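Visitor: Residue numbers (the working numbering), protein chains in the order written: chain A, 1 to 278; chain B, 1001 to 1290.
It is worth saying that the hints were derived from the structure and are not from the lab. Fair warning: there could be bad hints in the mix.
Stated by the list, open to error - Some but not every residue of chain B turned toward chain A, in silico, with C-beta under 7 Å:
{"no.": "1", "residue": "1082"}
{"no.": "2", "residue": "1112"}
{"no.": "3", "residue": "1175"}
{"no.": "4", "residue": "1179"}
{"no.": "5", "residue": "1192"}
{"no.": "6", "residue": "1204"}
{"no.": "7", "residue": "1243"}
{"no.": "8", "residue": "1261"}
{"no.": "9", "residue": "1265"}
{"no.": "10", "residue": "1271"}
{"no.": "11", "residue": "1275"}
{"no.": "12", "residue": "1277"}
{"no.": "13", "residue": "1281"}
{"no.": "14", "residue": "1285"}
{"no.": "15", "residue": "1286"}
What the hints assert, rightly or not - Far from chain B, by Cβ distances over 10 Å, these chain A residues were calculated:
{"no.": "16", "residue": "15"}
{"no.": "17", "residue": "54"}
{"no.": "18", "residue": "132"}
{"no.": "19", "residue": "184"}
{"no.": "20", "residue": "229"}
{"no.": "21", "residue": "239"}
Here the structure is a predicted model, which is why all the values come from computation and not from measurement. Idealized CB from N, CA, C, for every residue including glycine.
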Amino acid sequence: MNHIIKVSHLTYKYSQNDQPALNDVSFEITDGAWVAIVGHNGSGKSTLAHSLDGLIDFKQGTIVVDGVELNEANVWKVRSKIGMIFQNPDNQFVGATVEDDVAFGLENMAVPHEEIQARVDSALSQVQMSAFRHKQPEQLSGGQKQRVALAGVIAMQPKIIILDEATSMLDPIGRREILGVIKRLRQRLGITVLSITHEIDETTSADEILVLNDGKIVETGTPEVIYAHSELLLQLGLDVPYSQRLKTALQTRNIHTPKTYSDEKGMVDWLWQSLLKR
Amino acid sequence: MAITFKKVSYTYQPNTPFEYQALNEISTHIKDGSFTALIGHTGSGKSTFLQHLNALLKPSSGTVLIGDSAITRETSNKNLKPLRKKVGIVFQFPEKQLFADTVGKDIAFGPENFGSTPEEAHELAKKMIKLVGLSETLLDRSPFELSGGQMRRVAIAGVLAMQPEVLVLDEPTAGLDPSGRQEIMQLFTNLQQTQHFTIVLVTHQMEDVANYANHVIVMEHGKIVKEGNPRAVFANVEWLHDKQLDVPASTEFAFEMQKKGFRFDQLPLTEQELADDIAAMFEKRGLANE
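All chains should be modelled from the sequences, with the hints used to inform the complete structure.
Guide: As structure tokens, this is what we get:
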């Protein structure tokens, strides 16, 4: 299998005397996968995202992105492969209008005018914002602004998209919009997605979850495996998916529940099997 | 302190091409000591409603009663300052408004502006930082060295230092992680119960509405479309879905069970209620089998 990101023994301290924000972190991400990194605020997950994009100058460990080792000489090459979406929709809108904003990165790369047009058109249609191309940022909701940010990233044709708490300032509708767009992008373009979040509900579509605590990876697995370890998630100050919380509440009432993780629909089916089926 | 709205309408930029009516003849009563949740979409009029609670906006028509003071279109701005002290608003992402070089100065800024001496304001800062669950030792630190959750508490302490009777919270947990969210909500419940605050909470988190509020106002297109206790408001799941509003996860789960043929006397609001209901079903079935 082809690993698009390879992190080995990454350690980072913000200042000499601090606890390391990242402590000997190693992992690999398969090309085209959706990997979620979860951890509470301060667990080191944003530091990790920033390291991958060369925004932090780490001294210990190596990061290889799509075959290129991240170092001072290669940082722009690596950045061209990664598109990042940050938390605050208002801080990343640089254009006067939606289409100017999406074109911004391309103009900086001196892409020819016709190609900019074509890429902007295509990117806006991918995030379903074509109808808004002449709008100004203050006319958009938070979710729409984040979709524009995503279009700006797609227009640069990255191999990897990193979402750094990209939905945490949005209302539920905005959040669903963004997650829906990401799912479609993955299907159409086969982009690798790395999402960094403390919202456990946003990890259900991931192929793999890495759980980070105190700068270390403490658990790795598919959503089903991670969700089943609800004690660990609670202990780390994270949420547990609703169906798993309900299961725990039933266990304390002496009801035998299935050992493996199931989502809400699965739980309703199990209850129906146990209680209503003749 | 109670707040009453009597046929309150508000129009932005009246008599211009940008004229927009954000509130349309709203009448409601927020009881003294209650915990009211305000829900509705972006653009439903929640923010405009909120700004009437301490007369940041005056109604275009109708009356807002804040305690004993009536606010109408004609009310002079001169008389509003004491009211603003009684109703404290914690805006979204309040930590963005921190500005002073120490936490203590930031918290003391409001009371000093409202006429407290520096010593009084400092005493208030000491009291309020404890009330929001932070250590007094932080008072001399820069607010910008603190974690996000701590910064938010400092901002809330700054509002509390005005010693309001009503606390209005606009999405106070947005952007916090789960444990931070829980701590902040617990803080508000304690304030309501021990300090007898009246609380108005604007939120998209229906779990918080179910767990903490005793009164819910649902807004749409500048009108109140439903009002009542959480159980009454969340009883009609289809109606809320229709309005694209969420319901608490337990209510949603029970609603899905209903579709499969399960019966509930009333839909549960919390996972403990739901688990009790399901346990009762198991018990009933067990007894029937014996």
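Visitor: So, for every hint listed, does it hold in this structure?
Guide: Evaluated hints:
no.: 1; hint: 1082; result: 34 Å, violated
no.: 2; hint: 1112; result: 30 Å, violated
no.: 3; hint: 1175; result: 5 Å, holds
no.: 4; hint: 1179; result: 4 Å, holds
no.: 5; hint: 1192; result: 24 Å, violated
no.: 6; hint: 1204; result: 5 Å, holds
no.: 7; hint: 1243; result: 12 Å, violated
no.: 8; hint: 1261; result: 6 Å, holds
no.: 9; hint: 1265; result: 16 Å, violated
no.: 10; hint: 1271; result: 5 Å, holds
no.: 11; hint: 1275; result: 4 Å, holds
no.: 12; hint: 1277; result: 10 Å, violated
no.: 13; hint: 1281; result: 5 Å, holds
no.: 14; hint: 1285; result: 6 Å, holds
no.: 15; hint: 1286; result: 10 Å, violated
no.: 16; hint: 15; result: 12 Å, holds
no.: 17; hint: 54; result: 24 Å, holds
no.: 18; hint: 132; result: 15 Å, holds
no.: 19; hint: 184; result: 20 Å, holds
no.: 20; hint: 229; result: 16 Å, holds
no.: 21; hint: 239; result: 4 Å, violated
Going through the hint list in order, the structure does not satisfy hints 1, 2, 5, 7, 9, 12, 15 and 21.
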